[in-house]
Amino acid sequence: MKKIYLDIIDPIHDFFRVYDYELPIIDSPLFQRLRRIKQLSGAHLTYPSAQHSRFEHSLGVMHIATEAGFALNEKGFLNSDDVQILRLAGLLHDIGHGPFSHLFEEVIREKKISHEDYGKQIILNSEIGDILSKTGFNKKLVTQIAFGESKFQYLNEIVSGALSADMMDYLLRDGYFTGAEHAKVDHKRITQSLSIH
1 MKKIYLDIID PIHDFFRVYD YELPIIDSPL FQRLRRIKQL SGAHLTYPSA QHSRFEHSLG
61 VMHIATEAGF ALNEKGFLNS DDVQILRLAG LLHDIGHGPF SHLFEEVIRE KKISHEDYGK
121 QIILNSEIGD ILSKTGFNKK LVTQIAFGES KFQYLNEIVS GALSADMMDY LLRDGYFTGA
181 EHAKVDHKRI TQSLSIH
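Each residue of the sequence shown is one higher than the one before, counting from 1 in our numbering.
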């Protein structure tokens, strides 16, 4: 039987799976550039271990969004296609970040554009969008969920809401690499207790 996934080892989540349809996105130059964008911009000058990147964070967000999706799937709120879309939205939620991460926003603010705007354009108008379309995914829906614009508010909240996969991963990851003990979050308990009302 052919293996259709990779297991990736991660210091925050132990390991997680990346599936064959996601690999071309992760291997694309636009996604790979996230390896060179530090999650905490220049914080490594104060916290030398804070060398982690938007790349690892994006994979972590995908993982936590998946845990949330599986929990909602078990409760009958989502189907497996919804979980796949949620994974992709989590994976791509930070694709628009530029050099020095949020410091880049200060530079582009004058142009009235954000990293989210860049992210939308990358997903819709680049090889990433082409890959999504070729593998049968609706790139517009992935974009809407990744950037909080879908009619499915509960999916938006999982990726980037008040208690989101994004927030849980950056609290855990940033806390781990800076030594901030107060940043521990029980993401498994939170995702398992999710419900839709």
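Any given hint might turn out to be false.
Here are the simulated EDC-like cross-link-like pairs (lysine to aspartate or glutamate), alpha carbons at most 16 Å apart as the crow flies [what the hints assert, rightly or not]: (1) K188 / E74; (2) K139 / E116; (3) K139 / E149; (4) K140 / D130.
Label pairs and their in silico Cβ distance ranges [stated by the list, open to error]: (5) F15 / D186: 15 to 25 Å; (6) D20 / E181: 19 to 29 Å; (7) K151 / E110: 13 to 23 Å; (8) R189 / N125: 21 to 31 Å; (9) F70 / L6: 10 to 20 Å; (10) K2 / G136: 31 to 41 Å; (11) E110 / D186: 22 to 32 Å.
I should point out that these hints are in silico values taken from the structure, not numbers from a laboratory.
Even for Gly, the Cβ is constructed at its ideal location relative to N, Cα and C.
ask   = Going through the earlier hints one by one, which of them does the structure break, listed in rising order?
value = 6, 7, 8, 10 and 11
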